[in-house]
Amino acid sequence: MKRRHLMYLLSGVCGLYLISSVWVMYLLGDEKGRMTVNNLIAYIQHETPDNSRCQVVDLSGMSFDYAKVAIATNKDPWQQLSQATCPSEDAPVDIQMEKEWDHIPINYPNFVFSVSGWIQVVKVKTWRVKPLEVIIVPHSHQDPGWLKTFDQYYTYYTSSTLDLVVDKLTGHPDWTFIWSDVIWLARWWSEASADKKLKLNKVLSSGQLEIVTGGWVMTDEATAHYAAMLSQLTEGHQWLKQNLGITPNVSWAVDPFGHSATMTYLLQRSNLQKMVIQRVSYAVKQHLASGRNLEFYWTQAWDRAHTTASLCHMMPFLSYAIPFSCGPDPQVCCKLDFINSKCYYGQEKVPPIRVDDSNVAYLAEELWEQFQKKAELYQHGVLLVPHGDDFHYRYSTEWDRQLGNLTKLMNFINTNPRMNTKIRFGTLSDYFTALAKKSTATEALQIPTLAGDFFTYTDRADQYWSGYYTSRPHLKHMARKIQAILRSVEILFSLCLAQAIHRSTIERIMEILKDAAKLQTYRQTLALFQHHDAITGTAKRKVVRDYGDRLQNAFVGLSSILCSLLAKELSAKVNIEQVKVQLNNEWTAYGKLLTKRTVVMDGAWDTGHVVVYNSLPHRRQGIVVLHVTESKVKVKDRTTGHYMSCQINPVWSNNGVLQMDVYELVFEVDLPPLSVRTYALTSATDHFPTMASLSVPVSQLPDFRNMDDPGFTLSAIKDALFTIENSYLLASFATCTGKLQYTTRKSDGQTLKSEVKFMTYGTGSKYNIFKDKSGAYTFQPDGAAKPLLDDGVKVYVVEGPVMSKVIAVQSDIVHTTTLHNKSAGVYVDNVVDMSSGQWNNTELVLRLDTAVVDPDNRLCVDLNGFQMYKKRTRKKLTIQGNFYPVTSMAVIETSEERLTLMTSAAHGVASLNPGELEVVLDRRLLQGDWRGLNEGVTDNIPTHSQFVLLFERRHQSPIKEDSLMCYPSPMAMVMSDSLEQPLDILITEQNSDQSQLVRDGLDLPFPQLPFHTHLVSLSFLYMDGGNRSQVLLLIHRRLADCGFLCLDWHCQSQSTGSIDLTINSKSIFIESVEETILTGVKVIQKVKDRRLSVPPMEIKAYRISFT
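Its first residue numbered 1, the sequence shown is counted upward by one per residue in the working numbering.
These are computed hints drawn from the structure, not numbers from a lab. Accuracy of the hints is not assured; some may be wrong.
To be verified - Derived pair list, reagent style SDA-like, types lysine to any residue, alpha-carbon separation capped at 25 Å:
no.: 1; residue 1: K1082; residue 2: N1027
no.: 2; residue 1: K148; residue 2: K542
no.: 3; residue 1: K99; residue 2: T878
no.: 4; residue 1: K342; residue 2: R394
no.: 5; residue 1: K580; residue 2: K636
no.: 6; residue 1: K876; residue 2: E100
no.: 7; residue 1: K632; residue 2: L694
no.: 8; residue 1: K568; residue 2: V612
no.: 9; residue 1: K596; residue 2: Q810
no.: 10; residue 1: K422; residue 2: D174
no.: 11; residue 1: K766; residue 2: K875
no.: 12; residue 1: K1066; residue 2: L1009
no.: 13; residue 1: K794; residue 2: K636
no.: 14; residue 1: K1082; residue 2: K542
no.: 15; residue 1: K794; residue 2: N706
no.: 16; residue 1: K130; residue 2: G381
no.: 17; residue 1: K373; residue 2: S439
no.: 18; residue 1: K822; residue 2: S693
no.: 19; residue 1: K514; residue 2: A186
no.: 20; residue 1: K568; residue 2: D549
Said to hold, decoys possible - Between beta-carbon pairs, the in silico distance windows are:
no.: 21; residue 1: K960; residue 2: A361; range: 54 to 64 Å
no.: 22; residue 1: D748; residue 2: P958; range: 13 to 23 Å
no.: 23; residue 1: T521; residue 2: F770; range: 24 to 34 Å
no.: 24; residue 1: S358; residue 2: T433; range: 31 to 41 Å
Just so you know, these numbers come straight off a predicted model, no measurement behind them. The beta-carbon is built from N, C-alpha and C at its ideal position, and this holds for glycine as well.
Based on the provided sequences and hints, a complete structural model is requested.
The structure is reproduced here in structure tokens:
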């Protein structure tokens, strides 16, 4: 009986649903069954559910016909775009990591601390005796900030270590050492005596000491942008070349938490074609070891000719420390640490051993057996055995014990004919040289080719290191802001200096060069922050604060240099004091958000100016946003003499409070490539700006009853959904939450579900009190994410001719969604403050639930902003293992639709279910995660995050469904450039007659580039004599997915990749151009005709001499 009633009930529900669906389609449709805008709005207004229950109208799957499509989709733009160089198929390789994951077993072993130490990740059960050549490489891993600050580490550890490096190697010609981070060498060199410097050069010349990688720091490879990664590498290489006359040729990266193919490319194109890596998922190591594939030629997936391949040696065991270096059994290898108690018996540490005649035989036998076992994992008998750990070799006694005891063991093994093993101290180059001889002396080694990356890293169980993709997001965000302004300043500095040199204005040359040392200091500050415990957010609180203070100082300093350069260039009269300008945005302290200055307009104030600098090498349109104290303001373009169409908006504080004493002035600008334009700002008696309209839900009207008249038209929102629109889009929002629900594309009339939600993850397990919890490094959720309650949300809607936006304010979150009139993107900004205890052990996520449903649940995510790789969500990787780092953009798509999420800074991103895309905004954690930090992440401060959403329809099939590579659309590429490199906006200080001081604008002497060719940097190197400057130019030619229309004229220009430097160069003189490796320290060839040719996907470097 109950079953029959249930059947009746289900039948009734289905029937009601069918009837209601037909009624909805009838209400919304025209005579052809298509939804019109008027019917859409009428339907929304017809529905008046109880707002307190937050019901949302379902519009998914519907489309409508726009009477007038704002942007024509004729064939011309498509034909122009199709002539571009389109991506080809992936490179053929032996191992493609994304496909390999289908075959990699994951058993999540629980690591326990036993009498023998940590259980090893790669075991060797059987082995055979074979002749061996063993290279022992002493090293010391020195973090420039982790548990202590950079200065503290230098004082207590690094200074003495480097002193001993030169002294001990000088006194022991058979000892060797490797060193990586140049930041330490530069500090030590500045204080070293002449004798110490002489010794350093001597041990470098003898080959006893090798500088490996040679970057300013050992950079993170997940959250750092490729331009910053390359900049820190260049900073290190330039210092080495100028001070020591050397160029590194091997790379050593043993501590970054996962490894990127982008870093491999940068290294390979910087003369580093052999490399050693360490932190890779234990499952990957086990899998590669099973096929003896721990050495491979790592190539780029887009490089079919394998010209980018680097020989990579993957260390097989858990760590780079001594217990995990000599072989698979740490209870044996730990005995080789002759200074620290690394061995255990139960819970007791075993004192270090000293080698003597009584124990040398059995210790040598144990060591030789480990070598034999380790050799089973490779195709040859040449072994690399690192010997060191964090901050080792800082005492003289340690050098004597470590290398002295090893020497005794080595002598025993070398003189034992049964062991048939040659063992010696050496460097990384010694290892790769021995390997090359082995390959040529016998049958060539069958080393496989590999494409892909090694994210996400896990060292044990399911404790994936995906938490650091987001940890300390405020500094990740500000580092990218500094990266942007540094690029702007360096371009302006280099070209202004070139002009001054050509004009022989000595006074101006000296004036510019006085900031050269400061500019280098700020560049080195940003380089320091790329370190794998800095930008990752995985250092102690006091160290994070030290990094933050350094970054804030760099921001202020770079702002000052930018203002100084532009003020001088825009001053019209030499005999009048130059106009003073200041950056519109200011960062006053480490724990503060970036804020806009307020332009105070009073009766004594006549005319001020807004200076806008476009540092991109192509024309761009953008929005200028200023805070002013007067609503009646007009803006005049000094170049054209025309008054701008302006909009005045209300202003909310960062905590969502309406401010009555300040207004937001908004206007559109259109700037030529690499140009500066000025706009006059005055109180208006005519040409008044448009006052934006303000709407709020009915329930919020009482908030405005006792408020002074803000001067805006106020209306009430009575319906469940409301809309805002621009030339491209109609966006629908839930009235009760203020969050995006649907996006209607005007180009084809398609309505797509695009629901925005805030979600939270907890950590640990209520069923298992022994389960570890998330920390600065790892993400260990307690299950699926839970929706964040939207109680008490205040919603404000601002609409005008330049832009429209929706502000949703709730506890500790201000969420703003904006449509610019001339952009197809949906701009999403969040200000999040998780400093209170209510967020303890919580990770806050922004989730998009969309109609872009790929049954295979694939995600395209960028690698350091340089390229994009495709990932597939796999259940065996758990929730946390399916999160990846995103630094520029992520994509989900079907054969017809694509959603691109662009970001201004690094975050963790995932697509856990088809149609979903989520990004982690911030995380507050009370505990460490057993990775050495021993403290949680509780120093949260208000944090700003910026995203752009782009919904596009595909017009041409992708290259190949199972391709590893994916590419941004042309429009996404243009929008991402603008997000990462925003307009530099400056305002003049009040002055009685500024119109006489400021020129109309400035066009920098550099050729225009097509949208797909990016000017990575143009940085000053040094003065060569008194009348010649050397600069390093970096150009990146990117590939776009040709399957998408370009509705923005900015991305329709194409080229063959040839760049003529003589165009627009009348005010400068280029004496010579040389193509170099990416770091500029080694010349490849001279470029005689000043024409630069950059192949697709490649970065090219050129050293230019200006006279």
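For each hint, the structure was consulted:
| no. | hint | in the structure |
| --- | --- | --- |
| 1 | K1082 <-> N1027 | holds (23 Å) |
| 2 | K148 <-> K542 | holds (8 Å) |
| 3 | K99 <-> T878 | holds (18 Å) |
| 4 | K342 <-> R394 | holds (17 Å) |
| 5 | K580 <-> K636 | holds (19 Å) |
| 6 | K876 <-> E100 | holds (14 Å) |
| 7 | K632 <-> L694 | holds (17 Å) |
| 8 | K568 <-> V612 | holds (15 Å) |
| 9 | K596 <-> Q810 | holds (22 Å) |
| 10 | K422 <-> D174 | holds (14 Å) |
| 11 | K766 <-> K875 | holds (22 Å) |
| 12 | K1066 <-> L1009 | holds (18 Å) |
| 13 | K794 <-> K636 | violated (36 Å) |
| 14 | K1082 <-> K542 | violated (39 Å) |
| 15 | K794 <-> N706 | holds (17 Å) |
| 16 | K130 <-> G381 | holds (7 Å) |
| 17 | K373 <-> S439 | holds (21 Å) |
| 18 | K822 <-> S693 | holds (19 Å) |
| 19 | K514 <-> A186 | holds (21 Å) |
| 20 | K568 <-> D549 | violated (29 Å) |
| 21 | K960 <-> A361: 54 to 64 Å | holds (60 Å) |
| 22 | D748 <-> P958: 13 to 23 Å | holds (19 Å) |
| 23 | T521 <-> F770: 24 to 34 Å | violated (48 Å) |
| 24 | S358 <-> T433: 31 to 41 Å | holds (37 Å) |
Violated hints, listed in ascending order, are 13, 14, 20, 23; each of the other numbered hints is respected by the structure.
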